[in-house]
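Enquirer: If you want the building blocks of each chain, they are given just below.
There are 2 protein chains.
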Amino acid sequence: MRVLGVIVEYNPFHNGHLYHLTKAKELINPDYVVAVMSGSFCQRGEPAIIDKFSRAEIALLNGVDVVLELPFIYAVQDAGGFARGAVWSLHNTGVVTDIVFGSESADLSFLQTIAEVMVRQPDPFPELMREELKKGHSFPNARKYALMKYFEITKAMEPKEVLKIEKSNDILGIEYIRSIMLLNSPIKPHVVRRVGAEDRDERFQGKFSSATAIRKCISNGEWDKISKALPTSSLRIISRELNEGRGPVFLQHMETMILSKLRLMDRSQLQRLHGFDEGLDKRFVDCAVKTTNLEDFFSCVKSKRFTLSKIRRLCLYALFDITGEFVERSNSLGPQYLRVLGFSSRGRELLSKMKRVSRVPIISLCSLYRKVLEQAMKKPERFQLDPQLFEQQLLYDIKATSLHALLFPKHSERIGDKDFKIPPIVIG
Amino acid sequence: MRVLGVIVEYNPFHNGHLYHLTKAKELINPDYVVAVMSGSFCQRGEPAIIDKFSRAEIALLNGVDVVLELPFIYAVQDAGGFARGAVWSLHNTGVVTDIVFGSESADLSFLQTIAEVMVRQPDPFPELMREELKKGHSFPNARKYALMKYFEITKAMEPKEVLKIEKSNDILGIEYIRSIMLLNSPIKPHVVRRVGAEDRDERFQGKFSSATAIRKCISNGEWDKISKALPTSSLRIISRELNEGRGPVFLQHMETMILSKLRLMDRSQLQRLHGFDEGLDKRFVDCAVKTTNLEDFFSCVKSKRFTLSKIRRLCLYALFDITGEFVERSNSLGPQYLRVLGFSSRGRELLSKMKRVSRVPIISLCSLYRKVLEQAMKKPERFQLDPQLFEQQLLYDIKATSLHALLFPKHSERIGDKDFKIPPIVIG
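Chains as they are written, first to last, in full-length UniProt numbering: chain A, 1 to 428; chain B, 1 to 428.
Calculated from the structure, these hints are not laboratory results. It is possible that some hints are incorrect.
Pairs count within a copy or across copies, as identical chains cannot be separated in the list.
Said to hold, decoys possible - For lysine to any residue, the following SDA-like pairs were computed, each having C-alpha atoms within a straight-line distance of at most 25 Å:
id: 1; residue 1: LYS421; residue 2: THR291
id: 2; residue 1: LYS410; residue 2: PHE298
id: 3; residue 1: LYS410; residue 2: HIS253
id: 4; residue 1: LYS410; residue 2: ASN220
id: 5; residue 1: LYS418; residue 2: CYS300
id: 6; residue 1: LYS410; residue 2: LEU251
id: 7; residue 1: LYS290; residue 2: PHE250
id: 8; residue 1: LYS418; residue 2: ILE258
id: 9; residue 1: LYS144; residue 2: GLU158
id: 10; residue 1: LYS23; residue 2: GLU349
id: 11; residue 1: LYS421; residue 2: MET265
id: 12; residue 1: LYS290; residue 2: LEU251
id: 13; residue 1: LYS421; residue 2: ARG267
id: 14; residue 1: LYS302; residue 2: HIS411
id: 15; residue 1: LYS421; residue 2: ASP286
id: 16; residue 1: LYS23; residue 2: THR232
id: 17; residue 1: LYS290; residue 2: PHE320
id: 18; residue 1: LYS164; residue 2: THR212
id: 19; residue 1: LYS410; residue 2: PHE250
id: 20; residue 1: LYS282; residue 2: PHE320
id: 21; residue 1: LYS410; residue 2: MET265
id: 22; residue 1: LYS410; residue 2: LEU235
id: 23; residue 1: LYS290; residue 2: ARG370
Assemble the whole structure, with the sequences as input and the hints as a guide.
Expert: So this is what it looks like as C-alpha cells:
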C-alpha cells in the first residue's frame, strides 16, 4: 500500500495546488492521499482567508482522502518548525509512505545534500554559521552564506548553487527532508516542479496565480480573475463562505486586537514569549505606541534581519501568549494527536487502518478529546504522550478557531468553539 | 485657607456638573478647587467619551483650579474602591479641607450613620450581612437588607430610610464618608442636592440631562439637544475633539478587543484576576464563545447578582490583566502619586503649596516620573511609598491612555504614550 502525504495550507486552494496534487499522484500512484493542512492561521502569520472546515472540504473535493489539521503551534512557526510539525504528523499516521512537495529547483539530491549538512552539522559549518549570524544577517540568509562557504571549502557542491534556496518552496523542501532525517522516518521524499507564480508574487498571473495574488483579488472583489485561477469546486465553496459572511478574513481585521495587546504588554512579558530575542521585545513595545496601524507597525519593526512574515508571526505569538517553552516542548516532543478535519469515502478506509497503527491518538470529534486522551494514556506501550502538551496543543487549535471566527464580516457567524460543534467533513 | 475637593468623571462635563460646582463653591467659599477625575476609563467600566486631557481642560475652563487624575486602578473599581482612591488622593494633597458631593437624599447625617455602621461593623451587622449574601443578593442589595434589619433591631434609624441608598450618588456618598473615616482624614464632607436626571437615566431631560443621556445624544449626533445640556466651553471642546477625530469613544469600539481577549483566556487565568469569583470565570469563558457581540455577551453573563457595570468592569480587568493582588495592594496602600492633568493660574499657586505638604509625590511631567520617584524615595520621613506599586499604578494609567487612543475614529490620532508627550494643560 502506498499512501501519499502532502503538506498544505490551501489558502485558498488554487490551480497550482490542483496541478501539484495531480503530478504527485502520477508520480506515486498512491492508494490514498493524506493532507496535513494549516488550520485557522497560516505560516505567513496571517489568518486563513476562509475557515479550516471549508478549506478541508475543498481539499476533499479535489482528490485528498483525509485532511488532518496541522496544530496551530506548528502552523505559525518559521519554515523549520512548520516542516517539523507537518512531517511529524504524516510520520505519526503510520501509513504515509511518500511525501511529494513542490520545489522551484525540483532537484531532490541538491536539497538532500543541503539538508544533510544542516542535520549533521559537519565542521566547519557551525563555525561559519555563527560568523554569518554575527554579521547581522537574518537566519535564512546567514545559513545561505554559511552553506556557500562550506561548499567552497568542501567542494561537495558548486557554491553558487546554494543561491537556488532563495525560493520559499525550496526552503521548505529542505526542512521537510531534514525533518524526515531527524525522525529517522521511512517516508520517502519526492519533488515536483512548481508551476506558475511564486508564492510571494502578488501579481495576478492568470491560471497559475499565487495564493497571495488570489487573496488580493478576493480582497478587491475581482471575481473574473479569481475564477480563472481556482478550480470550480474551490470557487464555489469560497463563494458560499463569503455569501454567508464567513469571509474573507484578512490580517487587517486583527489590527486593533494586535495593537491593543501590544500596547498593554511590557518588555518582560514579551521576553517570555517565543522569538522575541535580538531586541525585538523593545522594538515591538516602542513601535506599538508610535504607530497607529498595522502596516506602519510592521515598517517600524522591520529590518533586514527580520522578514515581514516573521514579524507577523511574532504578532500572533504576542496575541496568543505563545511561550518559548511551549514551542520548544512541541518541537522536541512532536504533535500529540492527529485531528481529522474531513475524509472521503476512501479516506474512511484509510482512517480505520490508521487507527490501528498511528503513533499518536486520532481525534475525530473534538468534543470527545478527553476520552481519546484517557484511552491513549492506557496504552503506554503504543503512545508516548505528554498529556499536558496534548491538551495545550489542542486548546490552542480550538482557541485559534474561536478567534478566527471573530474576524468574520457577519456578526451572527462569529460564534466560537466551532471545533466542538462541527464534526469531520465527509465527502462522497 | 479652605480648599474644596470634588470627585468627578466629567464624562462629559454638563450643566449638572456646573451646577454642583457652583453650589459647592457657595457652600464652602473656597480659596481653591481641586478635582480628582477619572482618566481614560470610567467607573461604569467604559472608556471616557473624549480623552482625559480635554476633559481636564473643560474642568479648568469651568472653575476648577487643579485637575488630578484618579489612577486607573481606582477609577475602574466598584463604588468602594473608586471612593477610596478618590478620597485618598484628595487627602494626599495635604491641602484639601472640604469635600462636597452630590446626593439624591442630601441628608449628610443619614449617610454618616450608615457609613459608621459599615466602618465599625457593630454586632449583629456582620452576621446579618452574611445571611443576606447567602440568599444570593448582589453585594449592594445584601448590604441594604442587612442595614434594614440592623436598624430594626437597634432602632438607630427608621429601617425604611435605608431604601434611600438605592441611588448611585448616595451609594458613592456613603463610600466617600466611609473612606474619610477609615483614613482618619481631617477633611470635612458636605452634600449638595443633585438636580435633574439620575445618572443612569438614559432619557434626554433638557438642561439637566444625565451624562449617560448626553453620551447617547452624542452617539446619535443630536447636537441641538447636546448644546442644551452642556456649558458652552464643554460643547466647544467636545466639538473640537470630535472634529479632530479623537472621539466620540464608546465601549462598542472595544468589542473585538474584549471578546478576542476573553476567547483566548482560560478559567485559571481569569481566576487570578480581581473580581472573578462566584463562578464568574466560568460564565465569562462560556459566554465569550457562545455570543458574537458585546451586548449579547453582557446579557449572557448578567444575573440579578451582577450589575451590568460590574460585568463591564470585569471585561476591563480581563483586558488589562488586573490581578486581585494589584487591587488589594492599591486599596491598602493607597494612590502612590498625584498626577496633575492641568491647572489654572490660581492652581499654580496651590500646586506650589501642595509640593511642600503632599503625602505622596506630585507628577507634573509623566516623562520625569522615574526622577520624581527617586527623589521621593530619598525622603522616607515624608513619603511612605511602595516603589513597585508606584510604577505599576502609573504604567497602568499610561497604558490605559494608549489603549484609549486606539479607539479614536481617526487613524492618525491613534498614537500611544500621550502621557509622555502632553504636559499639564494650563488655563488662564
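Enquirer: Checking LYS410 and LEU251: alpha-carbon separation at most 25 Å within a copy, between copies, both or neither?
Expert: both (16 Å within a copy, 20 Å between copies)
Enquirer: For LYS421 vs MET265, is the C-alpha pair at or below 25 Å within one copy, between two copies, both, or neither?
Expert: between (33 Å within a copy, 20 Å between copies)
Enquirer: What label fits LYS23 with THR232 when the C-alpha limit is 25 Å: within, between, both, or neither?
Expert: within (19 Å within a copy, 74 Å between copies)
Enquirer: My question is about LYS290 and PHE250: at a cut-off of 25 Å on alpha-carbon distance, are they close within one copy, between copies, both, or neither?
Expert: Intra 23 Å, inter 23 Å, cutoff 25 Å: intra and inter.
Enquirer: For the identical chains here, do LYS302 and HIS411 meet the 25 Å Cα criterion within one copy, between copies, both, or neither?
Expert: Result: close only across copies, 21 Å inter versus 34 Å intra.
Enquirer: Is it within a copy, between copies, both, or neither that the alpha carbon of LYS290 lies no farther than 25 Å from that of LEU251?
Expert: both (20 Å within a copy, 23 Å between copies)
Enquirer: Give the relationship of LYS23 and GLU349 under a CA distance limit of 25 Å: within one copy only, between copies only, both, or neither.
Expert: For LYS23 and GLU349, the Cα distance is within 25 Å only inside one copy (24 Å; across copies 83 Å).
Enquirer: Within a copy, between copies, both or neither: which one fits LYS410 and PHE250 at a CA-CA cutoff of 25 Å?
Expert: Both, since 14 Å and 21 Å are each at most 25 Å.
Enquirer: How would you label the pair LYS164, THR212 (within, between, both, or neither) given a Cα cut-off of 25 Å?
Expert: within (21 Å within a copy, 64 Å between copies)
Enquirer: Within, between, both or neither: how does the pair LYS418, ILE258 come out at a Cα-Cα threshold of 25 Å?
Expert: both (22 Å within a copy, 19 Å between copies)
Enquirer: As a check of your reading, is LYS144 near GLU158 (CA-CA no more than 25 Å) within one copy, between copies, both or neither?
Expert: within (13 Å within a copy, 86 Å between copies)
Enquirer: Given a CA cutoff of 25 Å, do LYS421 and ASP286 count as a within-copy pair, a between-copy pair, both, or neither?
Expert: The answer is between: 14 Å across copies meets 25 Å, while 41 Å in one copy does not.
When held up to the earlier numbered hints, the structure conflicts with none and fits them all.
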